[in-house]
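Which chain is which? The protein sequence lines are A and B, in order.
For the record, in the first sequence the residue sitting at position 108 is 108 according to UniProt numbering, with numbers rising by one throughout.
For the record, in the second sequence the residue sitting at position 348 is 348 according to UniProt numbering, with numbers rising by one throughout.
Keep in mind that the hints are not guaranteed to be accurate.
A pair counts as met if it fits within one copy or between any two copies, since identical chains are not told apart.
What the hints assert, rightly or not - For lysine-lysine, the following DSSO-like pairs were computed, each having C-alpha atoms within a straight-line distance of at most 30 Å:
| no. | residue 1 | residue 2 |
| --- | --- | --- |
| 1 | K237 | K182 |
| 2 | K459 | K119 |
| 3 | K128 | K182 |
| 4 | K349 | K257 |
| 5 | K29 | K119 |
| 6 | K459 | K90 |
| 7 | K237 | K119 |
| 8 | K325 | K128 |
| 9 | K459 | K237 |
Everything labelled a hint here was simulated from the structure, so no lab data went into it.
Every value quoted in this text rests on a predicted model; they were computed, and no experiment measured them.
There are 2 protein chains.
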Amino acid sequence: MLQNILCFLEVDVRKSILHAFYPMQRAQKDRLIQRLIDVLPQTSILASQEELKPYECDGLSVYRQVPALVVLPETVAQAQAVLQLCHAEKVEVVARGAGTGLSGGAMPLENAVVLSLAKFNHILNINKAGRTAVVEPGVRNLAISEAVSHLGLYYAPDPSSQIACTIGGNVAENSGGVHCLKYGLTVHNVLGLKILTMQGDLIELGGESLDTAGFDLLALMHGSEGLLGVIVEVTVKLLPRPELAQVVMAAFDDVEKAGQAVGDIIAAGIVPAGLEMMDRLAIQAAEAFAHAGYPTDAEAILLCEIDGTSESVSDFITAVEEVLKHAGATEMKTSASESERLQLWAGRKAAFPAVGRLAPDYYCMDGTIPKSALPTVLRQIALWSEEYGLPVANVFHAGDGNMHPLILYDANKPGELQRTEDFGARILELCVQSGGSITGEHGVGVEKLDSMCVQFGAKELQQFFAVKDAFDSERLLNPGKAVPTLHRCAELGRMHVHNGALPHPELERF
Amino acid sequence: MLQNILCFLEVDVRKSILHAFYPMQRAQKDRLIQRLIDVLPQTSILASQEELKPYECDGLSVYRQVPALVVLPETVAQAQAVLQLCHAEKVEVVARGAGTGLSGGAMPLENAVVLSLAKFNHILNINKAGRTAVVEPGVRNLAISEAVSHLGLYYAPDPSSQIACTIGGNVAENSGGVHCLKYGLTVHNVLGLKILTMQGDLIELGGESLDTAGFDLLALMHGSEGLLGVIVEVTVKLLPRPELAQVVMAAFDDVEKAGQAVGDIIAAGIVPAGLEMMDRLAIQAAEAFAHAGYPTDAEAILLCEIDGTSESVSDFITAVEEVLKHAGATEMKTSASESERLQLWAGRKAAFPAVGRLAPDYYCMDGTIPKSALPTVLRQIALWSEEYGLPVANVFHAGDGNMHPLILYDANKPGELQRTEDFGARILELCVQSGGSITGEHGVGVEKLDSMCVQFGAKELQQFFAVKDAFDSERLLNPGKAVPTLHRCAELGRMHVHNGALPHPELERF
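Chain A extracted, bound-state conformation (with noise of 0.2 Å):
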């Protein structure tokens, strides 16, 4: 599904993130493959332009840059010896999981050697009392659940991707999902990390309970978009695989009524394990595309998803039921069977590539704001598509504020790219004054560094270069990702947002 995602990108000036450095001579390439050979088998070193195309790039597809070399260890001390060689030699490092990522965490540097996780891909260790599993950071997440279901165990984060995407990827952009509402994002399912810095030091953070002492270096490393280390081993938590789940869609003939709905079942003290909305164009495109029995003359639907034991099930889809009446809902249906659940679920899940359907080209944002702010932003989203004359379905993971507006438009007709650039911009500072961010489980990448400067204001972004030279204090490992410099967001003169005051606050220039 991934691959049909084509995010819009403003490659022109998204070029400037790189360093303008020339590329890594011939002598200098031959002298750091023969010093990899030492370390390496040979097999597991890509030279040749034939074997380096296919890493040019991650899900972010339409940004492209093939590295100096591709690495493949095998083993915790293959990926130091990596390292060790490449903070001597000065030369770039980029990891990379299953290249699934969305804002381009993964994409290649120039003159840097990817280092590729592919091979770490063995679960380690799976301890049935303690619900844990110790796996390398090459494994795919779904193939967690996998392994662990004879035991009526999962692991509960779940991005769309998850067939493919894998877990240090996952620890890597701190990834959400569909149920990450009640059951937390990646940084609350993993207990423990073991990294390798840029120096190639083997670090051990967290581990099998609660809380550690020290400073929470464990927390600090998810989202941290592979600047600070290599994740080469994960122990994650286990939770037991509910008895039952079921769902309840609810059609609303105002959008800004199923935006009231979902703060409405929160204040109900249910606690849902997904809480999904789509809007009218998503939904017209996702029944077309997927007959899962929306109402297609519906302005809005919300998919309410319960589980646990049967008998809390039962009782908390009767309160779901009652509060989304009562929030005006004109029809509303409840899975019945396994079979009906995964029905309903499948146009939302289905819901990019369909809408990607009606237009040339889409611009898919991703920002979160305060449930609270939900009905606000929904209605001026709405205000801004008529004024820029450009549709907008919206797609999003309501009980989390995360949001996924779909900006609609046609890269052929003069002057509409840069009409959708102004629009997706003018969200996201609608996302930071509103209280929220730049983005909700995409990451930064290279695609949002320019929104970075809305987002922070100096100190802060001062702050994070900090800490990152705490790891890596020559800037090897991702550079020009996640972080920009305080210089371009001075050159792009773009503003830092104030959080959390609507109307538009006070702006601050830097």
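Given the coordinates of chain A, assemble chain B onto it according to the supplied hints.
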């Protein structure tokens, strides 16, 4: 209650943690006061011995040090000016909330300025719809819940000291409490922070939405024990107060059976609001003190609280009773009213002072272990208790694996203090060997610096210092606490114990 907890401390050894500076010279102190008068009201500067004396310790009262000065700023600008001044003058700063911490995190240093946040005691904003509150760091934990109770909301983390302790201190120590099993630690309930760095820079971290871009400095600040920054504003998450809470007390004739029952409850998919355990000695002491209705012939009791809607509480209480019966409970009692619930908790809440009546001295430990290790660890502690001839009362947050073994001893008996120390150190090593940690909720402070040498290896400690330096390169903020130097660990000859292996793993000396 905290005043009654006199945790034992090996004073002589630990003196060495403090910088062996000479006291601040009179002239330097006078100059500092003169400059402080420019930025603070004179009444906010305490300089005489009489005024300074009350600040000489925190909740770890066996260890005392009068600071050079105490300042009580009232505004962010004042606190910022104090930090800028101290930074310029290279004067150490120790931030302080209510001073209820149990590990000496707020203990003054001889040449330091204590920066009290006592006047930062205002609730700045309550957002009912978004269920958040913005508060100053000196607001007491319980005062937040009191201020929002008319909205049916509360702030979940509830350390025993919640009447007195402040939210800023809670963040600095990442405080837990009886209910953190279900509702998480402080880090899971704080959405945003404003901090001042040692240089006086104001940094905003997080916000009202679920996740933000950039490195997770918000999580990093939690449990950083005042070493990275001074917290000047906290945005907390509020929860709807549960409709009902009920508690089941279950007695067991064997402490291991009780430990196993803890795992059984969690394995059954039940999420108790609290799950506490006490062993025979603790039960007897608590019952004699508080008359809670505990069976004094039991080897262990569990207290399992369920909260939620009336229907779900009723369902889960039935489920808990079934699990406990199946696990071999010899007696059970379920609260039928709020007063019965409070009575059942009264013994647990009074357990520390109650145990304090059994012996002239006790040494309270605070370590964590994976839940699955509970029976093994309890058995080992019982064996060592016989071997050392020192009784141990076990009172702990069983659901979290956060143990508080209390070793009873008499400091006046020759050699008993040393034996207690050895015993305590072995318990903490056992926690680490089991995959746990040397502190659950009390922090490291000055108390557990030596145990940090057991928990972490040289590479981890070096990385902690690198992160410290990324915020405070001159190490002026609460120096000498929380993270021991490699030199100290080497001098003590303590061993780094490898995580997650039982029985005794290969030990690595560094």
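Hint by hint, here is what the structure shows:
1. K237 - K182: both (15 Å within a copy, 15 Å between copies)
2. K459 - K119: between (40 Å within a copy, 26 Å between copies)
3. K128 - K182: Result: close both inside a copy and across copies, 22 Å intra and 21 Å inter.
4. K349 - K257: The answer is within: 23 Å in one copy meets 30 Å, while 46 Å across copies does not.
5. K29 - K119: within (23 Å within a copy, 61 Å between copies)
6. K459 - K90: Answer is both; intra-copy 28 Å and inter-copy 21 Å each pass.
7. K237 - K119: Within one copy only: 23 Å inside a chain, 41 Å across chains, cut-off 30 Å.
8. K325 - K128: between (42 Å within a copy, 23 Å between copies)
9. K459 - K237: between (35 Å within a copy, 25 Å between copies)
Violation of the numbered hints given earlier is absent; every hint is satisfied by the structure.
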